[in-house]
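There are 4 protein chains.
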Amino acid sequence: MPRPKPFIREQRLNTGVYMSNPIKMVAEMYPWVPFQKLLGIKIESYDDDYAEISIPFREELAGTPNVYHGGVIASLIDLTGALSAWSGHDDKKGMRASTVSLNVQYLSGAKGEGIVAKSRAVKRGKELVFCSIEVFSVTSNRLIAKGDIVYRIV
Amino acid sequence: MPRPKPFIREQRLNTGVYMSNPIKMVAEMYPWVPFQKLLGIKIESYDDDYAEISIPFREELAGTPNVYHGGVIASLIDLTGALSAWSGHDDKKGMRASTVSLNVQYLSGAKGEGIVAKSRAVKRGKELVFCSIEVFSVTSNRLIAKGDIVYRIV
Amino acid sequence: MPRPKPFIREQRLNTGVYMSNPIKMVAEMYPWVPFQKLLGIKIESYDDDYAEISIPFREELAGTPNVYHGGVIASLIDLTGALSAWSGHDDKKGMRASTVSLNVQYLSGAKGEGIVAKSRAVKRGKELVFCSIEVFSVTSNRLIAKGDIVYRIV
Amino acid sequence: MPRPKPFIREQRLNTGVYMSNPIKMVAEMYPWVPFQKLLGIKIESYDDDYAEISIPFREELAGTPNVYHGGVIASLIDLTGALSAWSGHDDKKGMRASTVSLNVQYLSGAKGEGIVAKSRAVKRGKELVFCSIEVFSVTSNRLIAKGDIVYRIV
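Protein chains in written order, with the working numbering: chain A, 6 to 159; chain B, 6 to 159; chain C, 6 to 159; chain D, 6 to 159.
Keep in mind that a hint or two might mislead.
To be verified - Label pairs and their computed distance ranges (CB to CB): (1) C:47 to D:63: 19 to 29 Å; (2) D:145 to A:99: 26 to 36 Å; (3) D:101 to C:143: 21 to 31 Å; (4) C:93 to B:26: 42 to 52 Å.
Just so you know, the hints here were simulated from the structure itself, not pulled from any lab data. C-beta atoms are modelled at their ideal positions from N, C-alpha and C, and glycine is treated no differently.
So here's chain A without its partners, still in its complex pose:
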């Protein structure tokens, strides 16, 4: 549910460098959003309607020894979905955003290895963006969770 507008506004006061591309700025600031920083996210790539974000494994993120907590996976699904909604968004339509709803299915556990989420925005309405997200283990490359979000940008 990151709503980057305040960061954008703040940034505008300090520098003019991002003003020509607010979407790129959202992506560049993404790892600085406090909870996203706490998770240690790494943006792998993003393109129109697409985003790919990873989290290296740290024991602090575990629910059981060596296995990510379900909340970490849900968070990664939420924030990767959100970035795929931002990517390809026309900033003239507004820059205030939040997650409307989130669904996650947990398929298997990733043990002691990083995870990466890949999200695609499959439909853009006037305000709502529908995103489908899959989460893979980085080393063993197994599908460990899937989900979707409805994201709203106004």
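Since the structure of chain A is provided, determine the placement of chains B, C and D on it from the hints.
Chains B, C and D only, in chain A's frame:
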């Protein structure tokens, strides 16, 4: 998705104190599960089929200034639902558990105040437990999110 | 996903009787919406943010002998949620509507008896209404499913 | 939520023809399940972990003139997901089944044309099968909804 079994086993090696009540032990260990410690959860209460867990506000958990990241709320829904499934569970039926699926609807934002989740396990099948969760802001006492999980204990 | 506007418009051509209360008209027309007629729905009651709708048992609605098909239950959750969103809606804000998303958890089966859904609209945003729905068996009065919808009226 | 076992058992009493392939029998009986007959489903194809089922447009299935009711789409997602779970299932592991949970996102409306759902079972656990489903309009070939189910066969 916490699967407390390993913690239980470990504990048994050290002390015998919890062996007579494994469910109570799950609850007492809950704030020590690494990611739950990172979130700073506080168990308010639990009883058969019920659990109530809060997270005091910290800027590290924000998605925008002063507002919880959606991932924090999803995590709280997951882990509070799980504790309500544990509460009232018959440990002789097994102690291995994981979340099957999670749904969250985001209703409004909590600004700079703590949140508390209240979960009820509304149905216990042979392996699956269905839990309904509501999240409130602590000071203004508004409903800020609701969700449900399907939890599996075997 | 019923979008009653066309029915409303049509009705206006014929009579003026409903013009003063479009929401009441939506409710009165509800059993005439073709698929809702096929299901044989019966509106039990509705009030601000609330609706209660039943379906008497018919073998045609079964998935296995004597048990409702999951699709019937999902449909009842959708359409009861929608009516609770209409109830209490300010018609001046618009009368075009559709379901954004639907979640259902199946808890137990109703055998050869009617079902009734009770829905509450728990949050109204500018366009989106969030509804929580429970489905009970009519005779044995057991909770057989629960769900929620996000509904949009513009 | 179709639970075809009773049909299977009944069939066994009458003929021996299906006994060597119970999964094929589930598929062949699928259009006869009462509510699925009422919807007028047509099985397009199925293969291991995959199923494709269509519903030709009929005004009886409408929520607004010429547009499918959301309940029809939810039903199609449920029953197509279920068939993809059956396809590839080892019948020796059991033949009793029901839907655990269902999620649907409504992306756009199909106007006066048939719809077809395509489902893939992406994960088989010991009892639970996770299926992802997309629904397309047949003529205009647009993605009109997506969803997932958790299905249980024991």
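Is the gap between the beta carbons of residue 101 of chain D and residue 143 of chain C within 21 to 31 Å?
Holds, since residue 101 of chain D and residue 143 of chain C (Cβ atoms, about 25 Å apart) stay within the stated range.
Against the range 26 to 36 Å, how does the distance between the Cβ atoms of residue 145 of chain D and residue 99 of chain A compare: consistent or not?
holds, 29 Å
Taking 19 to 29 Å as the stated bounds, is the beta-carbon spacing between residue 47 of chain C and residue 63 of chain D within them?
Roughly 23 Å apart at Cβ, these two residues keep to the hinted range, so it holds.
Taking 42 to 52 Å as the hint, is the beta-carbon distance of residue 93 of chain C and residue 26 of chain B inside that range?
holds, 47 Å
In the structure shown, no violation is registered for any of the earlier numbered hints.
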